[in-house]
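Residue-level listing of the chains:
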Amino acid sequence: MDSQKKRSAEGKLLFVPAVRVSVGVLLISLLVLLTVGRLVEEAVSLDPREIGRDVVTLYEKRFAPLKGMKGVVGYITDADLQSRPEDVKAVQRFVLTQYALAPLIVLNIPQSRLVVGNFHEGAFDPKLPANQGFVVLLNFGDVVLLRNEAVP
Amino acid sequence: MNPLVFPSLLIPVAIGSVFVSLWLPWRKPLSSALLFRTSLGTGFGFGISSCLFVLGLVGWGPSRGGFILAEITLLVVLMAALVCSLRRRSARIPPEPRPGSGKATTLQRMLRLLFYLTLASAGGIFLLVSLQNPHGGWDAWSIWNLRARFIYRGGDQWREAFSPLLSRSHPDYPLLLPAAVARGWSYIGQETVLIPAMLSLGFALATVGIMVSSLFVLRTRTQGYLAGLVLLSTPFFLRVAAYQLADVPLGFFILTTIVMLCLYDRRPEGPPGPLLLAGMAAGFAAWTKNEGLLFIASYLGARGTLTLLERGRKPVLKPMLFFALGLLPMAILIVYHKTRLAPSGGFLFLEGFRSAPARLRELSAYPQILKAFAEKMLTFGEWRVNPLPVLALYLACLGIEMDRRDRRPMAVSILALGLMVAGYFFVYLLSPYDRQWYLTNSLNRLFLQLWPSLIFLFFLTARPIEQAVIAAGQGRLGS
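These protein sequence lines are chains A and B, in that order. Read in order, the letters of the first sequence are residues 0 to 151 in numbering that gives the first Met the number 0. Read in order, the letters of the second sequence are residues 0 to 478 in numbering that gives the first Met the number 0.
Looking at chain A on its own, in the form it has when it is part of the complex (with noise of 0.2 Å):
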């Protein structure tokens, strides 16, 4: 007997589907369509041009350079940066450029004989580093090895 009604329940699902059914299921379909709409939405604003462009594969190319070191290095930057460590922008590049260079360690401090200097276009004076004591031991523009001599 409590077969038969399933199954004559189940007929009824498949013609006369019961209204409080119908619209719990249409509720979640329609849910999941905006969805799938904004989905699609989005796939079509992105710019395939993008790919390969983002910033950590940026940093990825410009300390491929310094790849390989290990140890402890410091680290300097834009002198704006520099004096703002906590800055968002400040942390994001500094951490770049751990990620780029590890298993170096890179310290946010100058304060290291060897220093990485990580500098945004043309902000790094050829001049500075013998000013405040650093020696250029190789130059990629942007990217500076420096020997701090005031650091035994």
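If you are wondering where the hints come from, they were derived from the structure by calculation, not from laboratory data. Careful, some of the hints might be misleading.
To be verified - 25 Å max Cα-Cα, derived DMTMM-like pairs, lysine to aspartate or glutamate:
no. : chain 1 : residue 1 : chain 2 : residue 2
1   : A       : K66       : A       : D124
2   : A       : K66       : B       : E374
3   : A       : K60       : A       : D46
4   : B       : K370      : B       : E381
5   : B       : K370      : B       : D433
6   : A       : K60       : A       : E148
7   : A       : K69       : B       : D155
8   : A       : K69       : A       : E148
9   : A       : K88       : A       : E40
10  : A       : K88       : B       : D433
11  : B       : K375      : A       : E40
12  : B       : K317      : B       : D402
13  : A       : K66       : A       : E120
14  : A       : K69       : B       : E190
15  : A       : K66       : B       : E190
16  : B       : K375      : B       : D433
17  : A       : K60       : B       : E190
18  : B       : K375      : A       : E41
19  : B       : K337      : B       : D155
20  : A       : K60       : A       : E120
21  : A       : K88       : A       : E148
22  : B       : K317      : B       : D264
23  : A       : K66       : A       : D53
24  : A       : K66       : A       : D77
The structure displayed is predicted, hence computed values, not measured ones.
Starting from the known structure of chain A, arrange chain B on it as the hints suggest.
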């Protein structure tokens, strides 16, 4: 692309799938059982292989050949054990009779189609976001993948990954993801962004898979598809997965723990496999993120509270014993990591502990955190339409119909998740970070960790469509 990428990921999935199969009874239909085991096996496999990798590093140092040999040996041993165990099991457990478990109805077919279409769209968006962010989001490259790089690139000096000089990148954070990524790179002998991206995809798919297939087993197929659809309709879930953050794997292990407890309570007189797996999943949660420790504490608190309320009417010792047994190996590894590999985190914890009384007295913080909780709770999923009122309406339409055997795990789970939210509140209250910044940047991810479990519990409570139709049919028959 390195041809070893896929084998390097498939071996842990196979290890995990065979391992969980040893502890779970085979139920028909086999398609659901296979999806269930593969989804579980994905998370467990990555967890087990990350543990083996760390143990190997500690014991013998980095050795590519050694890791591969150890994993293949483990897989062969587990497969042999499974074959023996299947031969011994003379009587297989029959499937539970469920309404609508026979031939698929039109509605089931429609929902299945909608589910696969949504899954394909989600896969597409995952791919696009991953192509745009191959190294993942901020936390992925500043914490998880950075640690993986230190371990892999460091070679014999892999312990540098836990140097206190790297305090900004939290060397004491759990190791499941970094170790799984470094293991993948060691396996293929090359560093590629494919490994963390595929791991992340694996966890996202496994979360959907375990949700859908467990509801197939515990409720009905439509219930499983509907739950999967609600999860896939959470844009933030897809984004966080593509950003390779640890919140999706953590959500997977929390959900798995709850599912295993529900499975156990369906047949408490049966073998304790689900309990053991629940303990392991909780351990992997803590091996993934520190919030996993909060989950374990919340679960134990919830279980203890319920035991007190039941006043010994239910057996306590067996469930707790097997849960603890499952948890134990991970607990040992976590203690080793926190005390031996990265002890500096303990100092930070003690520092935070010392400043706790002052922070607790900061009265303005309470409304600030509560306001952020209320706001983020409604918006964390980055939905176009908030699903909470939709789900409430759905419940009003379909009603509640819970298997009485699910009541206990449901009560424990809801209480545990509630305690977790309370725990998050106190984390924000006591945190040394700028509170508003911390709330803005992390609270949505904390809610996401609980979201798969909440969806699962919702569809475990809501009356399945098949039963609602039967109820409607009976109403008409009676009228």
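Going down the list of hints, with the structure as the test:
1. K66/A with D124/A: holds (23 Å)
2. K66/A with E374/B: With Cα atoms ~44 Å apart, K66/A and E374/B exceed 25 Å; violated.
3. K60/A with D46/A: holds (21 Å)
4. K370/B with E381/B: Since the Cα atoms of K370/B and E381/B sit roughly 18 Å apart, the hinted pair holds (cutoff 25 Å).
5. K370/B with D433/B: The given pair, whose Cα atoms are some 16 Å apart, holds under the 25 Å limit.
6. K60/A with E148/A: violated (28 Å)
7. K69/A with D155/B: holds (12 Å)
8. K69/A with E148/A: holds (20 Å)
9. K88/A with E40/A: violated (30 Å)
10. K88/A with D433/B: holds (17 Å)
11. K375/B with E40/A: holds (24 Å)
12. K317/B with D402/B: holds (22 Å)
13. K66/A with E120/A: Satisfied, since the Cα-Cα distance of roughly 21 Å is no more than 25 Å.
14. K69/A with E190/B: With Cα atoms ~17 Å apart, K69/A and E190/B stay inside 25 Å; holds.
15. K66/A with E190/B: Roughly 13 Å between the alpha carbons, so the hint for K66/A and E190/B holds.
16. K375/B with D433/B: holds (18 Å)
17. K60/A with E190/B: Given pair K60/A, E190/B holds - Cα atoms ~15 Å apart, limit 25 Å.
18. K375/B with E41/A: holds (22 Å)
19. K337/B with D155/B: holds (20 Å)
20. K60/A with E120/A: The hint holds at about 15 Å.
21. K88/A with E148/A: Between K88/A and E148/A the Cα gap is close to 28 Å, so the pair fails against 25 Å, i.e. violated.
22. K317/B with D264/B: Roughly 12 Å separates the two Cα atoms, so the pair holds.
23. K66/A with D53/A: Holds: K66/A and D53/A sit about 19 Å apart, inside 25 Å.
24. K66/A with D77/A: holds (21 Å)
The structure fails hints 2, 6, 9, 21 (numbered hints given earlier, in ascending order).
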